[in-house]
Amino acid sequence: MDWQAIWLSVRLAVSTMLVLLALGLPLAYWITFSRRRWKFLVEAVVSLPLVLPPTVLGFYVLLAIGPRSPAGALYAKLTGGMLPFSFQGLLVASVLYSLPFTVQPVAAGFAAVDRKLLEASWCLGVSRLATFRRVLVPLALPGIATGAILSFAHTMGEFGVVLMVGGNIAGVTRTVSISIYDQVQSLNYAAAGETSLFLLCLSFAVLALTYALQRRIWPVWPLS
Amino acid sequence: MAAELKCHCRKRLRSGFELDANLTIPLGESPVTVLFGPSGSGKTTLLRLLAGLEKPDSGSIVFDGRCWYDSVRGVFVPPQQRRAGLLFQDYALFPHLTVAENVGYAARRGGADGLLEAFGLAQLAGRMPRAISGGQQQRVGLARALAADPALLLLDEPLSALDAATRTRTRHELRRILVESAVPAIVVTHDRMEAVALGDRMAVIVEGRIRQAGPIQDVFRHPADAQVAESVGVENVLPGEIAGRASGLLTVEVGEWHLQCVDGGESGPVCACIRAEDVVLTRESPQTSSARNRLSGRVRSVILEGPLARVELDCGFPLVAVVTAQSAEELQLQAGDELRAVIKATSVHLTAV
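Protein sequence lines correspond, in order, to chains A and B.
Reminder that position 202 of the first sequence reads as 202 in the numbering used here, one-by-one numbering, no gaps.
Reminder that position 150 of the second sequence reads as 150 in the numbering used here, one-by-one numbering, no gaps.
FYI, nobody ran anything at the bench for these hints, they're computed from the structure.
Each hint can be trusted.
Below, a list of computed lysine-lysine pairs in the DSSO-like style, where the Cα atoms sit at most 30 Å apart: (1) B:Lys55 - A:Lys39; (2) A:Lys39 - A:Lys116; (3) B:Lys6 - A:Lys116; (4) B:Lys6 - B:Lys55; (5) A:Lys116 - B:Lys55.
Start from the sequences and build out the full structure, keeping to the hints where you can.
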């Protein structure tokens, strides 16, 4: 089994999950509570990765972070490195690719929280940020956990975007799915089978955990 | 200048409903003001405007000299800075926090423990909100609001989520808490008993407009117009014409009857407002009574409502009387009976149409 690739994928998935939590929670809050008319446009953009072919997304990300783009040039100036074909570039692509997998469950979790509870907190003199932390997040925890787990699992299994943006550099951008592809290409079916089975078990475990968490929305012991 | 809450603002809702509330509430000597009105009259919307949860379209709100909202100057103070404690209809307790954590959620100066004790919640401190009764939930909600040291309390139908038995018991307790807390309170209700039990002053809101405000008994006894009379639950609001006046008494023609009432200087078309409990029913016509008005009519229905009986008479117009269930029995009231209705002149109150 290609432990190096597995370790890389886990690192990428955990980093993506953390970045998405930092980014996705405020975004989901805005999507849930904003009354702007053009909100639907933002919602559509966030959900694009659900329907867009990974190669298309990867292509645009590659253009956007390349050394000739403003973002890429700025990054090169700040760090001296380049984003394409690096772990950081992969992270940027993964975050975009998994954005809906975090934002949608979190937004659904937020929407399920009674708005009156937030208003009650505001009227008690508690700021919006503190209310978010003390009321909204604890009550939307199942949705937030679902979003985190899904983005982790989705990143573990991504292939097209990684190939477009990261290529296939061992220890830097060669993730599990690319490693499996390589093993099959070199007719090493035994190794491919092992890695695939590992990924299958991991995905199943993660999804089982997700559904178990969602079940908690309904109390297991109903109170009269 | 005495402390007061001055609110004059407009708000159009998406449903097309328009609130145009002009209200001044003295905050000093009368601690509890009831905001009274039928469902859909805009009571809750007005409360939300005062709390800062909704922004009016235009107007101004000034609380005790502090401007909370002014559309001309572009002032809008967010709810966090108004110190207006709002008790929601269903109390909106935080379901993930215990009773003690709820009360202590925004407590200032560590006042939560004392409040738990004072509200009889000390034993329930570790319980979750869904595991306590409705009456207890209400006390937790109140304690939570008071712990934040509010300058004004806003209560949205505080008793409506309780069952009938608890409601009656809680009414007086709530009044005691509101008076003892010494925080001016505005209580929204559409229940007459609740209004009388809780309030010192009352403002009546109908179709988004404040129609009358004043000491609670004044508003109930002397509604400003027919619509206010109906909304505060005057059972008989009878349109009529003034037919004559003599020696301090006015004669009003209602249907084919002439009702005599105290002359308050009214003129033109009026409505005679008569509370159902002021209508006395007898079988024979009493000659010695000081009551001025005697009408006869036919009983249309008798409905028992607990210890009282609601009797609908047909006197050419419908007239509702409320008598004790006991006297209904003694009179052997039945639909179709011919009866006398006696109404004192002082019980007939005239309002504008």
